[in-house]
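Undergrad: Go ahead and model the full structure; you've got the sequences and the hints to work with.
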Amino acid sequence: MPTVSAATKCGSCGPGYPTPLEAMKGPREELVYLPCIYRNTGIEAPDYLATVDVDPKSPQYCQVIHRLPVPNLKDELHHSGWNTCSSCYGDSSKARSKLVLPCLISSRVYVVDVGTEPRAPKLHKACPLPLQSARSLRDPVVIEPEDIHAKCGLGYLHTSHCLASGEVMISTLGDPKGNGKGGFVLLDGETFEVKGTWEKPGGAAPLGYDFWYQPRHNVMISTEWAAPNILREGFNPADVEAGLYGSHLYVWDWQRHEIVQTLPLQDGLIPLEIRFLHNPAAAQGFVGCALSSNIQRFFKNEGGTWSAEKVIQVPPKKVKGWILPEMPGLITDILLSLDDRFLYFSNWLHGDLRQYDISDPQKPRLTGQLFLGGSIVKGGPVQVLEDQELKSQPEPLVVKGKRVAGGPQMIQLSLDGKRLYVTTSLYSAWDKQFYPDLIREGSVMLQVDVDTVKGGLKLNPNFLVDFGKEPLGPALAHELRYPGGDCSSDIWL
Numbered sequence: 001m002p003t004v005s006a007a008t009k010c011g012s013c014g015p016g017y018p019t020p021l022e023a024m025k026g027p028r029e030e031l032v033y034l035p036c037i038y039r040n041t042g043i044e045a046p047d048y049l050a051t052v053d054v055d056p057k058s059p060q061y062c063q064v065i066h067r068l069p070v071p072n073l074k075d076e077l078h079h080s081g082w083n084t085c086s087s088c089y090g091d092s093s094k095a096r097s098k099l100v101l102p103c104l105i106s107s108r109v110y111v112v113d114v115g116t117e118p119r120a121p122k123l124h125k126a127c128p129l130p131l132q133s134a135r136s137l138r139d140p141v142v143i144e145p146e147d148i149h150a151k152c153g154l155g156y157l158h159t160s161h162c163l164a165s166g167e168v169m170i171s172t173l174g175d176p177k178g179n180g181k182g183g184f185v186l187l188d189g190e191t192f193e194v195k196g197t198w199e200k201p202g203g204a205a206p207l208g209y210d211f212w213y214q215p216r217h218n219v220m221i222s223t224e225w226a227a228p229n230i231l232r233e234g235f236n237p238a239d240v241e242a243g244l245y246g247s248h249l250y251v252w253d254w255q256r257h258e259i260v261q262t263l264p265l266q267d268g269l270i271p272l273e274i275r276f277l278h279n280p281a282a283a284q285g286f287v288g289c290a291l292s293s294n295i296q297r298f299f300k301n302e303g304g305t306w307s308a309e310k311v312i313q314v315p316p317k318k319v320k321g322w323i324l325p326e327m328p329g330l331i332t333d334i335l336l337s338l339d340d341r342f343l344y345f346s347n348w349l350h351g352d353l354r355q356y357d358i359s360d361p362q363k364p365r366l367t368g369q370l371f372l373g374g375s376i377v378k379g380g381p382v383q384v385l386e387d388q389e390l391k392s393q394p395e396p397l398v399v400k401g402k403r404v405a406g407g408p409q410m411i412q413l414s415l416d417g418k419r420l421y422v423t424t425s426l427y428s429a430w431d432k433q434f435y436p437d438l439i440r441e442g443s444v445m446l447q448v449d450v451d452t453v454k455g456g457l458k459l460n461p462n463f464l465v466d467f468g469k470e471p472l473g474p475a476l477a478h479e480l481r482y483p484g485g486d487c488s489s490d491i492w493l
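Mapping to full-length UniProt numbering: the sequence shown position 117 is 117, numbers consecutive.
No wet-lab data here; the hints were simulated from the structure. Computed from a predicted model, the values in this text were never measured in an experiment. Yeah, the Cβ is synthetic: ideal placement off N, Cα and C, and Gly gets one too. Treat the hints with caution; some may be incorrect.
What the hints assert, rightly or not - With a cut-off of at most 35 Å between alpha-carbon atoms, the simulated DSBU-like pairs for lysine-lysine come out as follows:
(1) Lys57 <-> Lys418
(2) Lys125 <-> Lys200
(3) Lys402 <-> Lys391
(4) Lys418 <-> Lys25
(5) Lys122 <-> Lys177
(6) Lys318 <-> Lys391
(7) Lys400 <-> Lys320
(8) Lys195 <-> Lys74
(9) Lys418 <-> Lys458
(10) Lys400 <-> Lys378
(11) Lys458 <-> Lys320
(12) Lys454 <-> Lys402
(13) Lys402 <-> Lys122
(14) Lys195 <-> Lys177
(15) Lys310 <-> Lys458
(16) Lys378 <-> Lys458
(17) Lys300 <-> Lys200
(18) Lys300 <-> Lys363
(19) Lys418 <-> Lys310
(20) Lys363 <-> Lys391
(21) Lys378 <-> Lys300
(22) Lys318 <-> Lys454
(23) Lys458 <-> Lys402
(24) Lys300 <-> Lys25
To be verified - Restraint ranges, calculated between C-beta atoms of paired labels, are given here:
(25) Gly243 <-> Leu493: 33 to 39 Å
(26) Arg67 <-> Pro315: 39 to 45 Å
(27) Lys378 <-> Gly243: 32 to 38 Å
(28) Asn460 <-> Lys378: 19 to 25 Å
(29) Leu390 <-> Arg341: 22 to 28 Å
(30) Glu326 <-> Ala281: 28 to 34 Å
(31) Pro436 <-> Tyr61: 17 to 23 Å
(32) Arg67 <-> Gly321: 36 to 42 Å
TA: As structure tokens, then:
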């Protein structure tokens, strides 16, 4: 690698960084964007995009400095992505200036301008297309569900990734009626018009959720949660027994846009977030399986097929006072550091955040663990009867006088790998079911200091963003994004 950042030497480069290791040399994050949700809270207000100041030198440090409400109610903002990222680094005409916000329940897509005023984002307004357009110069870019239904036959939107082609690709959970359908919506990265589906007609997976692509190996791999009609009102254990939750990975031919292998996961139930190694030459990665609470490593075989193996298992805890006699950790988010050295994941129910050294990807080694709330804290309704890992139940988490409700869920790592940001809301229907106090008190955003030399995690006791004190009432804050890109939005070619 060059000793001087290639980004500083390039006078005509596109967005992001030329390599993951160059990205680690990028500037410290100063702002975080995250969607805040009111669906299922009893508050009749639209979801909104919050901007949080995370610059320790700023007088507004650790504060929500701007709120951008969307025009509709009950959208369930969830994840977000960019109009362009490091996959377009070689194209100087591209700029990372728009945040794409797909809606999990309403199937809308909002496009937010974060480039004009990064500290005060606004809904992007479209220029009219030549000759004719349904939009005027004053119209914000809102892609209505009817447009996606008509052109794609898809709905219930999840992950958004930018492509090297300049397009934006969004995964789906279902069809317009809420049945399972793991397809992909393509948007024009400039006009944000719906172009159709990425996959060939009739080629969607049975279920959908997250995805990651690795062009050097001509592959994309997608995961699966459950059909929207199953997820809409909450979690029912009978649906697991009926086989209605996902347990497969889908391997796609990146050039032909079709499934070439359906990969069953042995003891891998509800595979959610998936991450290839950041090294674009790597033919392996990890997926977090929520309900079975394990991490599976997937990898390419010599013959070109793909396999998966379980490399981390979080044992369930035998409990009393919960909906089931055994409580899984429920791994709901995973991240890889940009140098592919550390893997992080959250156990939303058990309440711990973990760090593993993956220098040997086949044998991850636990190097850090930190409890940040959860369902098994002392003094709560759940009594742990048998625990293979802990000698006693963890203490409740109190930060700056606030007792934290919920457990660690969405996580985002700083480019240099030294700071981890954490939020506590998963999905409003599941929040309401598993953590009713989260609905009453709102979620929080925390910051964890990371030891990148020996490994280790330590909570920053002076950092708290309390979304229970929002002007319109307690809100559920979810995924985190930095203006310059991060560990889960950028893919290198």
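Undergrad: Next step is simple, just say for each hint if it's right about the structure.
TA: Cross-check of the supplied hints:
no.: 1; hint: Lys57 <-> Lys418; result: holds, 17 Å
no.: 2; hint: Lys125 <-> Lys200; result: holds, 31 Å
no.: 3; hint: Lys402 <-> Lys391; result: holds, 26 Å
no.: 4; hint: Lys418 <-> Lys25; result: holds, 12 Å
no.: 5; hint: Lys122 <-> Lys177; result: holds, 31 Å
no.: 6; hint: Lys318 <-> Lys391; result: holds, 13 Å
no.: 7; hint: Lys400 <-> Lys320; result: holds, 31 Å
no.: 8; hint: Lys195 <-> Lys74; result: holds, 26 Å
no.: 9; hint: Lys418 <-> Lys458; result: holds, 11 Å
no.: 10; hint: Lys400 <-> Lys378; result: holds, 19 Å
no.: 11; hint: Lys458 <-> Lys320; result: holds, 30 Å
no.: 12; hint: Lys454 <-> Lys402; result: holds, 31 Å
no.: 13; hint: Lys402 <-> Lys122; result: holds, 31 Å
no.: 14; hint: Lys195 <-> Lys177; result: holds, 21 Å
no.: 15; hint: Lys310 <-> Lys458; result: holds, 27 Å
no.: 16; hint: Lys378 <-> Lys458; result: holds, 20 Å
no.: 17; hint: Lys300 <-> Lys200; result: holds, 24 Å
no.: 18; hint: Lys300 <-> Lys363; result: holds, 17 Å
no.: 19; hint: Lys418 <-> Lys310; result: holds, 27 Å
no.: 20; hint: Lys363 <-> Lys391; result: holds, 25 Å
no.: 21; hint: Lys378 <-> Lys300; result: violated, 44 Å
no.: 22; hint: Lys318 <-> Lys454; result: holds, 33 Å
no.: 23; hint: Lys458 <-> Lys402; result: holds, 18 Å
no.: 24; hint: Lys300 <-> Lys25; result: holds, 30 Å
no.: 25; hint: Gly243 <-> Leu493: 33 to 39 Å; result: holds, 38 Å
no.: 26; hint: Arg67 <-> Pro315: 39 to 45 Å; result: holds, 41 Å
no.: 27; hint: Lys378 <-> Gly243: 32 to 38 Å; result: holds, 37 Å
no.: 28; hint: Asn460 <-> Lys378: 19 to 25 Å; result: holds, 23 Å
no.: 29; hint: Leu390 <-> Arg341: 22 to 28 Å; result: holds, 27 Å
no.: 30; hint: Glu326 <-> Ala281: 28 to 34 Å; result: violated, 41 Å
no.: 31; hint: Pro436 <-> Tyr61: 17 to 23 Å; result: violated, 31 Å
no.: 32; hint: Arg67 <-> Gly321: 36 to 42 Å; result: holds, 37 Å
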